[in-house]
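Novice: First to last, the protein sequences are chains R and Y.
Counting with my numbering, you get residues 1 to 257 for the letters of the first sequence.
Counting with my numbering, you get residues 1001 to 1245 for the letters of the second sequence.
The set of hints was computed from the structure by calculation and includes no laboratory data.
All residues carry an ideal CB built from backbone N, CA and C; glycine is no exception.
It cannot be assumed that every hint is accurate.
Dumping the calculated DMTMM-like pairs for lysine to aspartate or glutamate here, alpha-carbon to alpha-carbon at most 20 Å [stated by the list, open to error]:
| # | chain 1 | residue 1 | chain 2 | residue 2 |
| --- | --- | --- | --- | --- |
| 1 | R | Lys133 | Y | Glu1167 |
| 2 | Y | Lys1097 | R | Glu12 |
| 3 | R | Lys133 | Y | Glu1059 |
If you anchor each label on the Cβ, the simulated ranges turn out as follows [to be verified]:
| # | chain 1 | residue 1 | chain 2 | residue 2 | range |
| --- | --- | --- | --- | --- | --- |
| 4 | Y | Gly1019 | R | Asp231 | 49 to 55 Å |
| 5 | Y | Ala1216 | R | Ser130 | 29 to 35 Å |
| 6 | Y | Asn1141 | R | Val70 | 40 to 46 Å |
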Amino acid sequence: MDLQEILKQLGETFLDWKAMGEVIPKMFAVGLPNTLVLAVTSGIIGSFLGMLLALMGISRNPVARWIARVYTDVFRGLPAVLTILVIGLGFGPIIRHMTGSTSPYPMAIAALSLMSAAYIGEIFRSGIQSVDKGQLEATRALGFGYSASMRLVVVPQGIRRVLPALVNQFIALIKESSLVFVLGLLASEREVFQIGKDLASQSGNLSPYVAAGLFYLVMTIPLTHFVNWLDHRLRSGRPEKKEPDEAAAVVGKGAQA
Amino acid sequence: MSEFASGTLTAKDIHLSFGSNHVLRGIDLHVEKGTTASVIGPSGSGKSTLLRVMNRLIEPERGDILLDGRSVLKDNPDELRRRIGMVFQQFNLFPHKTVAENVSLALRKLRGMPKDKAREEALAQLDLVGLKHKADVRPANLSGGQQQRVAIARALAMKPEVMFFDEATSALDPELVKGVLALMTDLAKGGMTMVVVTHEMGFSRNVSDSVTFMDAGVVVETGSPEQLFTEPRTDRLKGFLSDVL
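Extracted from the complex, chain R is given alone in its bound form (with noise of 0.2 Å):
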């Protein structure tokens, strides 16, 4: 096998513009849609449970923190693909049953969405835990009650400084959510990964896996660039607003003249 006939394998296993063409528009239809439901579901669900579990874990109560804890450190440690195979075919029949749905969606979302819950909730209390105490001292001063001061006060800042590692978070969302396809999924059903996976093994080629991983690349690339934006964004403030030069704009208009 020379140089040029491997190239031309590689070309045609990776780069087959026709089964690249049958792919793309599934993708858009049913992939996508279906991708963005998972992550951005999960990463609401997700963001609410997180930032139940920061408060608890800065709780006075000692359950309430030790809740957090046991929770935190399960939901961190297992794989993800596990996480999902037990709730999914663990709870999935039940589901079933009560509502006669078959869908595999309600489950994935929990289980994606409790795993989220973990992680960001580690990121929220690192962010609440970050405001300095006099913000609280302050609050409380003024007359808010614990609660109010927590919500009105404290909570936002920390969620400002951990924005960056949120986004990551939701970038690790997006990527998490193919993991679903171990649930079994119809044909409406399926997700980006799912359809690049069909495609691949109908035609034998890996084309349709590339488009998925361009799907994948074209919601996570944005969001990393986002995350960097915003990252320099809280660091260095809001860009000052430049007032027009007068001086500038006088010499501009003479020399045109």
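Since chain R is already given, all that's left is putting chain Y on it; use the hints.
Specialist: This is chain Y only, laid out in the frame that chain R set:
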């Protein structure tokens, strides 16, 4: 004539320990309505802790706190703190809110004022401290002295009966101290009841009506400024004054 609805504050036999550390060992302090009491003493003598106990940011273990002769230990501590304004060494402005929002937050959320009314009130308070023109900037864009004046406006907006100052000028660059002290002097002259924990001996001597010297959790001497500064009776106060003056 007082510009403020000031009250009389009394602390009786206040005790507090942090673990085995007996921080306050039976403190008595009486601040008559409309007067200014300064509390001086070395670092770690319990001055700042005393302020926090008197507005119940920290609950005393023993003793009583009275406002206008009535004990406030059974009251809701949040409501007590609405009656006592507090200004901190590190300003503690809310960095995520504008200057006007810093001042109006408690008016809106605790007094239930509508947004525009609360802003109007906040602007009036900022005008009193000379910072109305900074209403819409964030605290980070202000000098330390300006931040502290905003913090004073924030406390005054709640129309407190007593004001606490916890080393309010200690974190300021020397050239910014004067403006804050001038504002505190105006408040004192206006009839606000104030408890001022301070290292500014000039303020203590010239503005306050009474001076209390604390050391190691006890009140060592208390009296008029002349008395304490010109005729200290104890060696501890003499030693302290010779260190700081």
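Novice: State for each hint whether it applies.
Specialist: For each hint, the structure was consulted:
no.	hint	verdict
1	Lys133(R) with Glu1167(Y)	holds (17 Å)
2	Lys1097(Y) with Glu12(R)	violated (58 Å)
3	Lys133(R) with Glu1059(Y)	holds (18 Å)
4	Gly1019(Y) with Asp231(R): 49 to 55 Å	violated (40 Å)
5	Ala1216(Y) with Ser130(R): 29 to 35 Å	holds (34 Å)
6	Asn1141(Y) with Val70(R): 40 to 46 Å	holds (44 Å)
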